[in-house]
Structure formats: C-alpha cells, structure tokens
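**Student:** Okay, here's what each chain looks like letter by letter:
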Amino acid sequence: MTAPLLEVEDLKVTFSTRRGLVEAVRGVTLSLQPGEMLGLVGESGSGKSVTGFAITHLLDKAGRIAGGRIRFRGQDITGAGSADLRQLHGAAMAMIFQNPRAALNPIRAIGEQIADAILAHRRISRPEARDEALKLLRAVQIRDPEQRVKAYPHELSGGMCQRVMIAIAISCNPQLLIADEPTTGLDVTTQKVVMDLLADIAAARGMAAILITHDLGLAARYCRRVVVMEQGSLVEEAEPLTLFHRPQHPYTKRLVAASPTATSRVEDLVPDGERVPLVQVSALSLPPHGTPLLLDVKQIAKRFDDGTTGVADFSMTMRHGESIGLVGESGSGKSTISRMICRLIDPSAGEILFDGRAIGQIPARDFHRSEFRKDIQIVFQDPNESLNPRYTAFDCIAHPLLRLLGLRSGDRLRRQVEDCADRVGLPRELLSRFPHQLSGGQKARVGIARAIACKPRLLVLDEPTAALDVSVQAVVLQLLNRLRREDNLGFLFVSHDLNVVRMMCDRTIVLRAGQIVEQGESRALFANPQTDYTRELVDAVPHIQRAELALA
Amino acid sequence: MSAIDASSTLRHTAFVLRGNPVTAVAACGALVLALVAILAPWLAPYDPIASDVPQALQPPSALHWAGTDQLGRDVFSRLIVATRLDLTIAVTAVAVSFAIGSVIGALCGYGGGKLDKAVGRFVDVLMAFPLFVLAMAMVAALGNRVENIVIATAIINLPFYIRFARAEVNIRRNLGWVEAARACGESHVAVVLRFLLPNVLPAMAVQMSLNLGWAILNAAGLSFIGLGVKPPTPEWGIMVAEGARFISTGRWWLVAFPGFALMSAVLCFNLLGDGLRDILDPRMRT
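Residue numbers (this note's numbering), protein chains in the order written: chain U, 859 to 1410; chain A, 1003 to 1288.
Rather than coming from a laboratory, the hints here were simulated on the basis of the structure. Source: prediction; values computed, not measured. Please note that a few of the clues may not be correct.
Some chain A residues near chain U, calculated using beta-carbon distances under 10 Å [as the list claims (entries may be wrong)]:
id: 1; residue: D1118
id: 2; residue: G1122
id: 3; residue: L1177
id: 4; residue: G1178
id: 5; residue: E1181
id: 6; residue: A1183
id: 7; residue: G1187
id: 8; residue: S1189
id: 9; residue: N1201
id: 10; residue: L1203
id: 11; residue: A1205
id: 12; residue: A1207
Over the 10 Å line for every Cβ pair with chain U, so calculated as not near, a few chain A residues [unchecked claim]:
id: 13; residue: A1036
id: 14; residue: A1139
id: 15; residue: H1190
Beta-carbon label-pair distances, calculated as ranges [stated by the list, open to error]:
id: 16; chain 1: A; residue 1: F1124; chain 2: U; residue 2: S1267; range: 54 to 64 Å
id: 17; chain 1: A; residue 1: V1024; chain 2: U; residue 2: D942; range: 22 to 32 Å
id: 18; chain 1: U; residue 1: G937; chain 2: A; residue 2: G1122; range: 50 to 60 Å
id: 19; chain 1: U; residue 1: R931; chain 2: A; residue 2: G1122; range: 53 to 63 Å
Just so it is clear, CB atoms sit at the ideal spot from N, CA and C, and this is done for glycine as well.
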C-alpha cells in the first residue's frame, strides 16, 4: 500500500455565530490514496461540505479549524499560511463547486478564465495559456471549442458551465479534486454525462477525488469507498455494496432505506423496525359509470409573449383519486403545464375540464373567485420560498380557510388549522413560528397543510421534495401517499426524479420540449421504455443496483 | 395572538437596539424631535413671533438660551415651534410619496407590460430634472404655501419609491408564496397590496428614513431661498436665511442653532434607517 495522498485526523471545525460557538465537524478521520475516488455522503447540516472546505482551507471567516491534523502528501497543511495555500490551490488540490454558473465570472470569456487559472501557477505567456485552455475545453468534451472559448458563462448551459469548472480545476493537473455536489441542480442525463466525464478524467490523469454529495446512489455509482457523515461526525465507512446491503449504523440504515430505488415502494422508505402499517383503506369504490373524469385536459398549448412555445398540444385525463406523474428535464414545460391546470396562468389554446366543467375558459386572473379554486390546490417546489416570510405557520394554513371557505378568525378556525397540522404531522406548538424558524421538512409540512386545508379534489405537486434531504423526502412522500388514500385526492405529480414518480404515480407522462414523448402505467413505462428519450432518462438515474453490477 | 406578537416585537426591538447603540441614539433623537413637535406650544418659553426690539440681538444667556434675533424674538422658542412645521412638512411629504410611489411601483413590478414601460419613462423624465430646481419651479408656480411645499417635496421623492418598490417586487413576484397566495384565492391586486408590499416594507423603511432627512433639508432649502414658508412663521430654513445677514458681525447664534437643529434632525433620520430595517424584518427574529 502506497502512502496516502491525504490524511485527515480527528478534524474539528467550529463556527462562531450569534448563539455562540457551533461545532460543525466533530472529529473526522479519513484518508485517501492517490488516484482514489472517495464518496462523502450526508444530509444538509452533516458537515460534509465544511469538511471539504476545511481541507482546501476555504472556510469562511466565521469558521475555524479547532483541532486535528490535515496531511497532504505527507506534509502537515493544517496551519498553512497564505503563501503555501496559493501554491496548493489549483496546482495541488482543486475544488469544483455546486453552482457552476455562480462560480464562474459572468463578465469574462470562459477561455480567459481557464487561462487565468493556468497563469496563476505556470510561467507561460498568455497566448500559450489560451492554447492550453483550448486543449482543456477539448478534454472536457465541449463541442466547437474554438468558438466556445470566447463564450461567456450565460451563453452556456448549466452542464457546460460545470465542464468549464472541471477544465479550470484540472488545468494545473492537481493531485486532489474536491467536488462539492457537482451535479446538484443539473438534469439526470446531464448529471450522468458530467459525472462520467469527471470520473474518466480523474482516472486518466491519476487524480484522487472526493465526491461530496447527498445522493447515496451517485456516490455508490462512482466511488469505491463511501463515508457517511451525520451531524459533524463520521458514522460509517464502507464499500458501496456493503453499505447498501449490510449498513451497520442506524443512521446509515435510515439513509439507505430512504433512498428510493427502482423497486422500492413508498412504505419501504423507513427501516424495518420503524415501519408504520399503512392505513388500510377499503378498496376505492369506483365511481358509478358515467361519472365525469376528475380532469380532462384537451390539447392545451402555451405560447409566450416572445413567440416561443412552452407547451404544444398537451392532453391528459385523470380519474378521481388517480395519481399521475409528469416527468421531464428542465425546460420541458412541466411547470408551465402544472400552472395552467392549477389555473394560475392561462393556456393559449385548448380546453381544461374539471369534473366535467370547462374551467379553462375562466381567465386565470378571475379564477380566485371561482368555486373550483378550493378544489385545485398546489404544493410548491422549494419550501423555503413557498411560505410568506411575514406569516406564521398558523397564518399560512389559515389563509385558504379564511379566503376560500369564508371562515372567520376564532375557535373554529383554530380548530381547523390544528386539525390540518395534526394530519400532516406538524407539532401544534410550531404553529406560532415564522417560516425561517422552521426546518425544511417542517416548512414542507406547512405547505402541504395549506394545500389540503380546503379539502381539494386535485392536488398539483410541483417537485414537492426536490429541495429536501432524502430522509425528509421519505417522510413527506409517505405523508402525501397517506393523505391521498384518506381523501381520495387526485395527484398531478411533477418531478424530475424518476424513482419518486414510479413510487407515487399510477400513470406517468414523459415530456420533452413541451410535447408528450411517452405515457403509460408507471412501472411498465420505466421497466420497458418505448422511446430512446425515456430509455436515456431511465438509464441516467444512478441506481444502487447498477453499482452492484459495476462491482460484480 | 396579537398580545404575544406585540410583546415579541418589543423584545426584538430591544434586542436590535442593544446590539446597535447608534440606532438606539438615533431612535431616541427621533423620539425627542417628535415629542418637541407635538408639545411645541407648551414647551416654548416665549411667544415665537412677538417682537421685543429693545432685547434685539442678545447673545445666549440664562434668559434666552439661544439668544434673540434682530427683532428681539427668542431664538430657542422659535426653534422649538419650527420643529413642528418642519417635521410636519417632511413627514407628510414622505408619507404621500411613499403611499403613491410604492403602490405604483409595486403594480409595475408585478404586472410589467405597458404600464411598467410608461411609468418607467415618466420616472426617467422626472429624474432628468435637477430635483431641487423642479421643486422650486413647482412652488413658484403653485404659490408658496405649506401644502404646495409638501406637494413639491412629495413629487420629487416619488421616483425613488417607484423604482425601489418596482425592483423589490419584481424579484419576488415569481416566488412560491406569491403563487400560493393566488391559489389561496387572492386576486392579483390583493397579492400586490397585501402580500408583496408588506414584504418590501422593511427595505422601504430605510429609504423612508433617509428620505425624511432629505425632505427636511428640502423644505428648509426652499424657505432659505424665499420660496417656502413666509416670515414671520418660525422655520429652520428662514431662521438660517435671516441669521446669515448677521454672521459677519459676529452674531453666530442666529445661524448656529437652527443649523444645528437641521443637522441633528437629518442625522437622526439617516442613522435610524439601518436599524429600522433590522427591527421590521421578521427574518431577523430568532
């Protein structure tokens, strides 16, 4: 065994905040061999990113390494000064950040930015550095590098920007790459391309890498060894296969259970010991023959003012209590469709029938007065942005009751709000808090409580768990599933996460560039996709089963 | 519910002020100014317009704390009574331009389209004028009465509120909670007025506080050049203007005291701005 490239020993990092010192990393020990790719997995607040920042000495001012050692190439860099760090950064270790668009300078051509990184460490002329930049752009497989070298970040897609970031990171052939959630926010297919590229480059150039991610499947797919962190401590370290089949630590067990796979069901999302039996609902009584569909969307389209087409010719139907998934990459029009159905924006053409009544004719600006407003409700993507910062949780949930059911403040309102909170599992004492005093999962619950407060018949869910940690996602999905069964709600579930859609939805519609590519019964659709596009989507999802195959 | 809110607001205010003594001082100053303005007639030791020529141009003494002017009027009493007029002009003007400007701006920022373009160009035109000259022209045209000074000051402040509210609303209009409010049965107009505007209020409060100081200066400036309040009404600008004639003969108190009053009022409101934002923003509470 060769000497490790990086050794972290009992690392402790503290942050000074308004409420005193906070320990973000509490004694992490790990080591990395040259050329190895290590997965550092954990949920938000686990200290995984802070660990990465501490290794590269990029902690912000409030953070401080309070204890432990970091040895890089056998040399202690724990207290390295700024001159040493300039040597280290870029040349010996490089970092790839989560949001590539924010990490690139928006007013400088990408070729120049790569050349800047090269010139910081090597004594060559700028034209030579530019040539080098061109080579790097080729290495990260950017098409037409000769033209793109002069492009600005806003002219490139998110995936392209991340490739440029990778080009900058590898420009001086560092021995260690630290990738902090490099593909979060990218579409699955882009994520796969970028991660494949990153893994290939690291392997070809013999670079070691630390992949910091919240996605167990992703880490399992690309790393030989995975380290799991919880609340600043390292709880488990193992090969992916062992981790998934014989997780030792209770937290890892929970995490593994909560990560949806191609075969998991909603009720599987918690470990065996903690499973609650699902509410047994007597077989859904089929509506008598002749009952209109809950939702019948006929050839709706949306053209925007600038002439572009967001959605073209979209049709779908939904029975009472049915759950339909809408999947597609960013820009596929899935959010536009969900907002048209929710009657927040007007379609340019087509018809929307709700329970047999044409609601597409009512302009969106007047729909708030419609009797159907309370029947169609929506849960928004980012719980952090979907609650009014000036409303307490109580006010948020009470809002639709006051407006749509005409309740007055008083005991009756309080009782109803508390009922809603109970149904979504939100402790009553949290009702008086403002959104910023709640956790992500609690905010998600408030958003759901608000949407079900008026007992709607159709619930549009716009990526309801995209911004949540997997363990919170698991709980929220179970909650949604239970509510659907209890109230016989129709779900329109918009998501880019195929595994989630497969679990939650009876039928799925695959969208691309505003058009339906394929639709059908969820399990069949994903098991046996009929179009190349769907197949590409399905293949791009990092599955744990695939990791097994890769290692077998 | 509201009782809990009120006490937590008080506690939060106290917390912000403790951490930020400059704001606390500014807030005290603003409070004193407000009290003086309200209680002026009872606080002033002398009649501010009764002249007493034998006592003219006395330096500050135990009898006349800020001395007397060329007609023997007590400068201290005039200062106190002037506070009421100056603050009234400034507060009314700022309130009017805030009320009109923020609503117009918020509607433009939310709706966009033709209205936004039209209002945007109107604001550009308004801001192309030197604002003080514009105010002078308006007062000259409308006649120099107090209400016209208020109108002129309000109009020249309008563009700032329109632009500010427009920008602040524009960045928020696509957030989830705005759409959620619509799904909860609110109309577009209600969303703007009852949801977006209260949320941009903390940021606007800073602007208002800064503007208040500016409006005081503006009113005093108009009086100084003779386009504002007419003598013998006590007003800080007029007092400075009248006193300026006696500076060369060493009667400094005629200018120094009203000048100091002006400066401290403006300073108070400027310093108050930042602290105000911290107090009003619910996200700052923990």
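**Student:** Run every hint past the structure and note whether it holds.
**Tutor:** Each hint, compared with the structure:
Of the supplied interface hints, the one on D1118 (chain A) is violated, with its beta-carbon coming no nearer than about 13 Å to a beta-carbon of chain U, more than 10 Å. The restraint placing G1122 (chain A) at the interface with chain U is violated, with a minimum CB-CB distance near 17 Å, outside the 10 Å limit. For L1177 (chain A), the interface hint holds, the least distance from its beta-carbon to any beta-carbon of chain U being 5 Å, beneath 10 Å. Restraint check, G1178 (chain A) versus chain U: the minimum CB separation of about 3 Å is within 10 Å; hint holds.
Below 10 Å, beta-carbon pairs count as interface contacts, and E1181 (chain A) has one with chain U at about 6 Å; its hint therefore holds. A least Cβ separation of about 7 Å between A1183 (chain A) and chain U falls short of the 10 Å threshold, and the interface hint therefore holds. Interface hint status for G1187 (chain A): upheld, as the beta-carbon distance to the closest one in chain U is roughly 4 Å, under 10 Å. Of the supplied interface hints, the one on S1189 (chain A) holds, with its beta-carbon coming within about 5 Å of a beta-carbon of chain U, less than 10 Å.
Hint on N1201 (chain A) holds. Least Cβ distance to chain U is approximately 6 Å, under the 10 Å limit. Given hint, L1203 (chain A) at the interface with chain U, holds; its Cβ is 9 Å from that chain's nearest Cβ, closer than 10 Å. For A1205 (chain A), the shortest C-beta to C-beta distance to chain U is roughly 12 Å, which exceeds 10 Å, and the interface hint is violated. Restraint check, A1207 (chain A) versus chain U: the minimum CB separation of about 14 Å is more than 10 Å; hint violated.
Remark: the non-interface label on A1036 (chain A) is consistent with the geometry, its nearest Cβ contact in chain U lying 26 Å away (cut-off 10 Å). No beta-carbon of chain U is positioned within 10 Å of the beta-carbon of A1139 (chain A); the least distance is around 40 Å. At roughly 6 Å from the closest C-beta of chain U, the C-beta of H1190 (chain A) falls inside 10 Å, breaking its exclusion from the interface. For the pair F1124 (chain A) and S1267 (chain U), the supplied restraint of 54 to 64 Å is violated, since their beta-carbon distance comes to about 41 Å.
Checked against the hint of 22 to 32 Å, the pair V1024 (chain A) and D942 (chain U) fails, with Cβ atoms roughly 41 Å apart. About 55 Å separates the C-beta atoms of G937 (chain U) and G1122 (chain A), a value consistent with the hinted range of 50 to 60 Å. In this structure, R931 (chain U) and G1122 (chain A) meet the distance hint of 53 to 63 Å, their C-beta atoms being roughly 59 Å apart.
Of the numbered hints listed earlier, those contradicted by the structure are 1, 2, 11, 12, 15, 16 and 17.
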